[in-house]
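Student: Letter by letter, the chains look like this.
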Amino acid sequence: MTASVGMASTGQEGAARSRRGADLIVKSNLLLVFLGLCVVASLLAPQFLTGRNIANLLQQSSLTGIVAIGMTMVVLTAGIDLSVGSVAAFGGMTVALLMAGGVPVLWAIVLSIAAGAAFGAFMGGLSAYLALPAFMTTLAGLTAIRGLTYLLTDGKPADSGGSEVFQLLGGGFIGYVPIVGIIFVAITILAAVVLRGTTFGEYVYAVGSNKEAARLSGLPVRGVITTVFAVSGALAALAGVLLTSRLTVGQPTAFSGLELDAIAAVVLGGTNLFGGRGGVFGTFIAVLLLSVLRNLCNLLGLGSFFQMVVTGLILLVALVLNLLIERRGARA
Amino acid sequence: MTAERLRMAGIVKRFPGSVALDGVELSVRPGEVHCLLGENGAGKSTLMKILAGSYHPDEGTILLDGQPYSPSTPHAGLAAGIAVIYQELDLLPDLSVAQNLLLGRAPHLGPFVRRARRAKLAREALDRVGASFPVTAKVRDLPIASQQLTAIAKALTADARVIVMDEPSATLGESELLAVFAVIRSLTAEGRSVIFISHRMDEVMEIGDRATVLRDGRAVGVYDLASTGPDELVAAMIGEAGELVGATDRPAPEGDPLLSVERVHVPGLLDVRDLDVRPGEVVGLAGLGGAGRTTLLRALFGDLKAQVVARLDGRPLKVGSPAAAVRAGLALVPESRKEQGLMLGLSVSRNAAIGALGKPPWVLPGRLGRRLTRPALDSLGVKAAGPGQLVGQLSGGNQQKVVLAKWITRGGIRLLLLDEPTRGLDVGAKADLYRQVRHLADQGVAVLLASSELNELTANADRIQVLYEGRNVARFDPRVSPESVIAHTVITGATP
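Chains as they are written, first to last, in our numbering: chain A, 8 to 339; chain B, 3 to 498.
Since the hints were made in silico from the structure, they are not lab data.
Please note that a few of the clues may not be correct.
[To be verified] Here are the computed distance ranges between Cβ atoms for each label pair:
| no. | chain 1 | residue 1 | chain 2 | residue 2 | range |
| --- | --- | --- | --- | --- | --- |
| 1 | B | Arg142 | A | Leu51 | 56 to 64 Å |
| 2 | B | Asp96 | A | Leu322 | 43 to 51 Å |
| 3 | A | Leu39 | B | Gly68 | 23 to 31 Å |
| 4 | B | Asp60 | A | Leu39 | 17 to 25 Å |
| 5 | B | Gly394 | A | Leu56 | 53 to 61 Å |
| 6 | B | Thr138 | A | Phe281 | 30 to 38 Å |
| 7 | A | Ala147 | B | Arg142 | 27 to 35 Å |
| 8 | A | Leu280 | B | Arg142 | 23 to 31 Å |
| 9 | B | Ala78 | A | Phe142 | 34 to 42 Å |
| 10 | A | Ala147 | B | Ser72 | 53 to 61 Å |
| 11 | A | Phe281 | B | Gly413 | 26 to 34 Å |
| 12 | B | Asp315 | A | Val200 | 56 to 64 Å |
| 13 | A | Leu280 | B | Ser74 | 30 to 38 Å |
| 14 | B | Arg142 | A | Phe142 | 19 to 27 Å |
None of these values were measured; they are calculated from a predicted model.
Glycine residues also receive a C-beta, built at the ideal position from the N, C-alpha and C atoms.
Model the full structure from these sequences, guided by the hints.
Tutor: In structure tokens, the structure reads:
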């Protein structure tokens, strides 16, 4: 055997290198756009760089961000979770009702998150074991769980009872830093470690890249799929808990359309909708980017209608850019 | 009519970083079956893509019946009378045969399709290739040979003067192949030219009139097949450095079987009884397409519902899923490496490590993954730019080695199941792969090798079991029984 790994033809090496280069550009591309946007924002609106505004921004984006991290893991396995908004609302309601019913704070939180995980595991399990498209099982979940949420109180908000410790969780600050922001960052780092450094993370990418090959390699494909949906459900419920904590009441109407915001962040972050490529770092930046954009529009006094148009256009431009860079990388 | 149907002269095609074609000459006569031979990467596909109009040559000229021909798109190529039937048939599986045959050219009246007229035209096209299945059948429901015939019929509806067939036999059984050959003969009798690409020498000798051999982007020779032997062609294909698949010259392993199958039963598909494999032994599974080779391997690997009564190392073999089979020490190299064997979008080392992750340590930093897979990748001689290269960018032979590396990295293989491991590989890569399999066997691994290439089985297996219509009808010792005798049993199911 003359050649082996590490020493081979220059053509392939060049292709691999430019591929890595393209990946790097795609990733840092997003980061550059984000930083550029921050510079523009601070020039246009002097209030942008104030500590209060930044804290506000982080507070607003963290809940969507937490859900988007779970969504990233689902999308990496080539799945999709449309039920996150409903699960989040359900989690927010149950935590309020449990605490109002006298359940200790910690237990109320744990039970609500566990319920979210159970919902996710059920929908993901249906998809994995019966080979149903996750799009359909979670679409059914979106409707059914939202209905269930309304049924809890017949559609009325639920008062959480007003525990001070609980309110700190969603509304508290350490210095200028909102506690939800710290939770968001911590979850992102945890997810990155799981995806990049553990067997389970490797399985997530393998399943997303080629489900059949993963199965024939002896991987627990269905278990992996069920688990990522459970994680997504748990994180959605956590977002619901945090919102109830900030508002002190559970809102059954909260988080409608959250799934679209989360998917938008995942895709903008460079994760491939067909699975196997991407990661939570891109999602993290994308969440902040979308939030800064919204914030900038607010500071400039542009209405929410205008914001929606801009957000949509930014998404489109980012997708086309990623596509072009990727194509060039593949061809070279 | 000119004496030359097609002349490609001085064709050069460069890709960034490499020269795929370096001044290729190709001349095809009317009514001729012209074989195009060469190892993978020799430039066959690139040359045919230029002919079809998918690629544009950097230099060189093409004459079609004496007229300059330079197609800008595949559509223009088809209009000029060049039809290419690719290995992955470009048929739409959920549409009917008639819809496929006249795709984009359906007879119509205003916006409405004239269905009866289309059915009639499609019927005529099918009749011309001697196909009797209905034109209303969905392509997905047809056996692969009928799909092949559909693709040929589609080429004929365009009234092609030159028909290129890229490895039509890769997915066909022997009897199906005979039907396709009959069609090729009738096409050439009408004066059409066929360019036939294949790796199988016996087919080339049977159907071909002349052959052009490509090597490293150059045409190294044109041979009249009536006066040329296959050995000479293979030698031209692989050049001097190559090595032929040679018969093994060693005693068959003795001793107690590692795998002892009493019965594997899949109702309606498979009923195999009494099959043993000893440690270090390579048992070949021969049979026509659909005889049950793949079904047997999948059943043993727990990949389909089957009644398996077997012992591994004297203990009952219980496999309910591939994961359980892997835990029991089984390893499968599946039929289709791209769809079933590899994660094409992931790197070489991540593919090779994936099977080994089921056990501690659960935490696996990236570098450790590379260190983990390095020994297997090195010992197999995988040629890649590095462990971080995407496995989809490797050649077929190297991809197949990565599938093997996955199991070697995991370790503890007792029984290796190989399903058509050399499909689409060139001669050198085949020999290399079998050397690695033999190496594993020498370490005590029992090997079940399914292949439709009988000469590869006789060269590499210690014993050969012949499957026919789901049953194992005969066993042979390849050192005693001539290939022709085994082939007879493969085709007829009758024991000599």
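Student: Please go over all the hints and tell whether each is borne out by the structure.
Tutor: A quick look at each hint next to the structure:
1. B:Arg142 with A:Leu51: 56 to 64 Å: holds (57 Å)
2. B:Asp96 with A:Leu322: 43 to 51 Å: violated (32 Å)
3. A:Leu39 with B:Gly68: 23 to 31 Å: Hint violated: Cβ distance 58 Å, outside 23 to 31 Å.
4. B:Asp60 with A:Leu39: 17 to 25 Å: Check failed, 37 Å falls outside 17 to 25 Å.
5. B:Gly394 with A:Leu56: 53 to 61 Å: Violated: the Cβ-Cβ distance is about 45 Å, outside 53 to 61 Å.
6. B:Thr138 with A:Phe281: 30 to 38 Å: holds (33 Å)
7. A:Ala147 with B:Arg142: 27 to 35 Å: holds (28 Å)
8. A:Leu280 with B:Arg142: 23 to 31 Å: Since the Cβ atoms of leucine 280 of chain A and arginine 142 of chain B sit about 26 Å apart, the hinted range of 23 to 31 Å holds.
9. B:Ala78 with A:Phe142: 34 to 42 Å: Once the Cβ atoms are compared, 40 Å apart, the range 34 to 42 Å for phenylalanine 142 of chain A and alanine 78 of chain B holds.
10. A:Ala147 with B:Ser72: 53 to 61 Å: holds (56 Å)
11. A:Phe281 with B:Gly413: 26 to 34 Å: holds (32 Å)
12. B:Asp315 with A:Val200: 56 to 64 Å: violated (40 Å)
13. A:Leu280 with B:Ser74: 30 to 38 Å: Distance hint for leucine 280 of chain A, serine 74 of chain B holds at roughly 34 Å.
14. B:Arg142 with A:Phe142: 19 to 27 Å: holds (23 Å)
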